[in-house]
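Undergrad: Here is how the chains run, residue by residue.
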Amino acid sequence: MIKAAVSVPPAGVIEGYRQVAPVIEREGDAATVDTTGVYFQQLNDAIRRLVADGVTTVRVTGANGQRYIGAGLRVPGVRIEVHGTAGNDTAMFMDGAEVEVFGNAQDGVGNTMSSGRVIVHGDAGDVLGYGMRGGRVFVQGDVGYRVGIHMKAYEKHVPVVVCGGKARDFFGEYMAGGVLVLLGVNTHFPEQPLVGGFTGAGMHGGVMYVRGTVEPWQCGAEVGITEACEEDLGVLRPLVEEYAEAFGEDAEAIMDGPFVRIAPVSHRPYAKLYASM
Amino acid sequence: MQQTFVQPEFRVRIDYDKCHKCGRCVQQCGWGVYDFAERPIPHDEKCRACHRCVTYCPAHCITIEKNALAFRENDNWSTNLVKGVWKQADTGGVLLTSMGNPRPYERIFDKLVLDACQVTNPSIDPLREPMELRTYLGRKPDAVQVESDGNGGFRLAEGGGMTNNLKLDTPIIFSPMSYGSVSLNVHRSLAMAAERLGILMNTGEGGLHEDLYPYQDHAILQVASGRFGLNPEVLGRAAALEIKIGQGAKPGIGGHLPGEKIDREVSATRMIPQGSDAISPAPHHDIYSIEDLRQLIYAIKEASGYKPVGVKIAAVHNVAAIASGIVRAGADYVYLDGFRGGTGAAPAVIRDHIGIPVEVAIAAVDQRLRDEGIRNQASIIAAGSIRSSADAAKAIALGADVVAIGTAALLALGCHLCQSCHTGKCSWGITTQKPELTRRIDPEWGAERLTNLVHAWSHELQEILGALGVNAVESLRGSRERLRSIGLDEHTCRVLGVKPAGM
Ligand code: SF4
Ligand code: SF4
Ligand code: SF4
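Heads up: the protein sequence lines correspond to chains A and B, in order.
The numbers in my numbering rise by one with no breaks, and the one at position 250 of the first sequence is 251.
The numbers in my numbering rise by one with no breaks, and the one at position 251 of the second sequence is 941.
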């Protein structure tokens, strides 16, 4: 491979952001990065450099949709605080760090994430947790479409997504593992259904817990809905407690439920679909 | 059970006069065709015509014949169509098959011929003169800065604008085939050969097994819709990353690796549970537009330290506009997979009826990128199906930078194109995870055969270049003036940018 400098377009403006280094204030192992109007490449480059330099807490201020914050970060114990709106693919491919967003997050939070934790003090967009295979994501409020899609568990890695509000269509689509929780307690849409249609469509592993009622018409053909049993509540309790602690809520009130469990009826839903030629 | 109407496709004939009764055929057949009762007794209906038993019978006394049952002549209802209806009436299932589209669509490569120098421009003897096949895969900058090297020459200035490129010693690489669809020994063979040849193998969507880490600089890692086997560590290992949007054999549809093929090793590499189906959704659900594609390209770049990121698509009707979008989205290469590309499993209806030939896709994409002034921003890899060095040369002349071979590579490892990979019982130990079959491929042997094949094709490419009177494969790229068509219709010639022979 020819190694050469990455060609970063000349300092200028892309999509309304300036391609300049953000202003950084460092105090010991913490640093504050003011990203107001700064392009994502320069922001994330600054974060990576700070982490490589031993900084363990990075406070990003002025975030306004910059993408990929924390993407691919592999340093456990590192904490990134985002003040403002975290952009698409926040914590994508992340492996071990923690991102806490004080604001909303856009689409693709925790996309293909391996481990670590994301906390969003607000709402989050579509495809949250796509292909996630470990780590935990907590969203205080509502989430968009196709959340938890194709989450998958593997050996000791069990991804967890807890959403405090309501979710749109295709919640937990293609899920192959992990735990997906929907609480319905913090929502902007009180009169809408808890969860949209096609919930668990194509699901073939893992489990979903929803606080409230879910009707069969809201679900894909591959899942069954049952009342959560003691064992289920045992799985839920620590997750609800972690949610409550993150957002200052009352865990006991949430645990009052009732919860339903949505799980696949087969881990090989399409085994009979084909005839060999 | 009801009697099926579908009669055996092949007849296994054994010349019992010559047979040693050694039983080797019983042991060699992956599909369990033979019983043994003093002598081997074949069950024709199970035979796939893979010729494993034929090859290893010490007495050379087995032949596989077509079961040529006569039907009343009917050009409309081919035997295959009739059998398909019967099979589906038996099962209610989607007909599943494998390998590339076998149907008799026009093969454009076979109707193109290359030029040679005569009198007015000397041809070159590649055995005695330098003949450059080296190819750099990736985005080329609009301009670079050079500086004096102090010895009267020049070198690229530090930070002179060059982008990360992958160096290939020959413009032939291995196409993506996932561990899971093929065996680990096949992956090892490909990886070892890629290293020896100075080229690349491609993991397909099943992740990079740790045994391949020593060869990681020669591996492209795929990011497909199932996101199997991906974490920042492996992203950091691979030489390049490839977003798989589509595959020539099954454009627009996802994939299932059946649970029975997911053993412990496959599950560890894919990072999924053992025994449950590995389902790849049809689309990436974070890509519904070119803008979304750009988002994923840059996510991968951010997470991998700005390695080259390519995008693989199936050649479909609107391929030129799609490729232009892919390049503008920031891809370092566009991988075009024609409708004859192979697969480990695909519904026959999709494999046989969707997509377009790679020849027209290459020409259309190359022309579009040139017209838009962005051809330098990405390389073009062409595949599906490159069957010989002649196909490779023609693909390059049509505008490809690099060709990728899958089926040809498997042929080198013993594949006999029996189109039964989806059964997971490949007698040749290629598309199976059964240990008694996979150990039939010794990676060292496999790597040597693959190396031989690519060396041979590279020599042939050099011969072709010599005949054309050029001394570097770069000079052939997109040089459609050096191609002529024999018997292609006017419209196809226009799309290809190729004149008819004689003009
Ligand atoms: S399937 Fe292959 S090995 Fe088995 S009998 Fe037929 S040709 Fe021989
Ligand atoms: S391998 Fe050949 S010689 Fe041996 S039993 Fe089979 S048919 Fe006979
Ligand atoms: S890989 Fe094996 S099963 Fe597939 S076509 Fe080749 S010989 Fe047949």
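Hints were generated in silico from the structure; no laboratory data involved.
Everything numeric in this text was worked out from a predicted model, so none of it was measured.
Treat the hints with care, as some may be off.
[As the list claims (entries may be wrong)] FRET-style restraints, in silico, Cβ to Cβ:
1) Ile15/A with Pro820/B: 40 to 48 Å
2) Ser838/B with Ile15/A: 32 to 40 Å
3) Glu822/B with Ala53/A: 35 to 43 Å
4) Val696/B with Glu231/A: 32 to 40 Å
Glycine included, C-beta positions come from ideal geometry on N, C-alpha and C.
Undergrad: So, for every hint listed, does it hold in this structure?
TA: Each hint tested on the structure:
no. : hint                               : result
1   : Ile15/A with Pro820/B: 40 to 48 Å  : holds, 43 Å
2   : Ser838/B with Ile15/A: 32 to 40 Å  : holds, 34 Å
3   : Glu822/B with Ala53/A: 35 to 43 Å  : holds, 40 Å
4   : Val696/B with Glu231/A: 32 to 40 Å : violated, 52 Å
Going down the numbered hints, you'll see the structure goes against just number 4.
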